[in-house]
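Sequence order for the protein chains is A and B. Read the first sequence against this note's numbering and you will find it ends at 240, with the numbers running on by one and no gaps. Read the second sequence against this note's numbering and you will find it ends at 248, with the numbers running on by one and no gaps.
Careful: at least some of the hints might be erroneous.
Quick list of in silico lysine-lysine cross-link-like pairs, DSBU-like style, CA-CA up to 35 Å [to be verified]:
1) A:Lys137 x B:Lys211
2) A:Lys149 x B:Lys213
3) B:Lys110 x A:Lys137
4) B:Lys110 x A:Lys154
5) A:Lys231 x B:Lys211
6) B:Lys187 x A:Lys137
7) B:Lys187 x B:Lys210
8) B:Lys187 x B:Lys211
From the structure, some residues in chain A lie toward chain B, with a derived Cβ separation under 7 Å [said to hold, decoys possible]:
9) Lys137
10) Glu140
11) Val141
12) Val144
13) Phe145
14) Phe155
15) Pro159
By construction, these hints were calculated from the structure, which means they are not laboratory data. We put the beta carbon where it would ideally sit given N, CA and C, even for glycine.
The lines below spell out each chain.
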Amino acid sequence: MKFKNKNFMESGLIAPAVLLLFWWAGSNAGWWNAFLLPSPEKVIDSFVLSIQNGELQKHVWASLERIIIGFGLSASIALSLALLCSWFPPLQVQLEPTLEFLRHIPPMSVIPMLILWFGIGEAPKIILIILATFFPVFMNALQGIRDCDPKLIEVATVFGYKKWHQFKFVILPSAIPSILTGLRLGLGYSWRSLVAAELVAASSGLGYMILDAEQLSRSDVVLMGIFVIGALGAFLDYGFLWAMKHYLKRGIEA
Amino acid sequence: MSWLSIEDLKKKYALEDMNVDALSGIDLEIDQGGFIVIVGRSGSGKTTLLRILAGLEQQSEGRIIFKGRDCDQEHPLPVGMVFQEPRLLPWLSVENNILFPFHPEGRAKDLHSKATDLLKMLGLEEYGNAMPHQLSGGMAQRVALGRALSCDPEIVLLDEPLGALDYFTRRALQRELARIYMEGGKTFLMVTHDVGEALRLGTRVIVLKKGKIEASIPIELEYPRDRHSETFQSLLDEVLAALDDAE
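When you get a sec, could you build the whole thing from the sequences and use the hints?
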């Protein structure tokens, strides 16, 4: 088979290909216990089977649904609060100690209290996503707004832009890259925290699927779940990155 | 009363325990259609004067009267301004940067032709869709000039607009500024460190010293000006002498 060397070298596929080859060779040569690390063929079989019986789709959708609601709510709250804080600095002064305190609490540590208050329904998982996502989105948005070049604001002032228009047409567009970075980080955090939440208290979702497989000693399903989580997370991030680049390339034409 | 009067304009800055007088009483009468160039050493107050006229700073005392009406930050002068750096908005195309003075809300649809005309005048007709990072320093400064002119201001303020450019770009833009001035009939107020530039462009050169006007020298020469001519040289000596006195 002939391939373009340069493209292959730059594709980033070498490391996964080597790992996969090592995994496949080791499994077939019996270098380790197949229960501890099942072969790639077995994991692929589990993947195909769970797609055929609809289990995987069900769990993926359950997880994605939580992400959409949790991340959407979190991003809305964080962006609104960042805009309010930048528009009305005393609010930020008042909120800062509380936010600084909350920022250092790992979201996972509040799971017991969330279960106590809200049961094992959807609410604790959504709240967990909000807690995990809020700070990267909020901090990046606030920083982006603060970092707007004052010289550009002067340009707007000279040309008669009032405060609101300066904010809308200069400060906000200049903060867009930072806001998008925060959203991207937040999306990654939400995915990770969700799976963790589903491991603790859920009856559906990819985290639950993994936990269930562990109790049934199905390490092939556990591995399959891990790969699906990684692939979906990477896909979401890639999609977001693509949208971000597309948006920035097009420019934010006023 | 003059078209634009500046009366006893003062500006004080509080620096730690001391007050610094950036402007200590500027009196200036400006007629419509002139090209006033303000020269002075660093710290003489020339940029402060321009920033007050642009509405970016408030004077401590004094009045700015335009067509018989007092101007301040609430009621600013009708100006367009070019800064030392282009200060283009990086997310807007060249055309949208030029149209920036027209607020995006309620911007008329037919402004595209206005932008095209300005781009043509500035020799940038092929760059309307380019983004600022794709332009050279001289091109970006031309766009900034186009932006200042697009809203058809009565007064154009230029704060050392050519200071950061190389010699050849600077000379080219000086010629362009002179041409635009002669075509447009607008009033230009420019701050520069370069006395030669002041004489090539100005119809009057104001020399500032420690926040006060040291000299006001009318330049009655035709454009384009021959810097080797005797009159040019004697005016150059006069401005330099005023600057030396201002030391």
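Hints violated by the structure (listed by number, smallest first): 5
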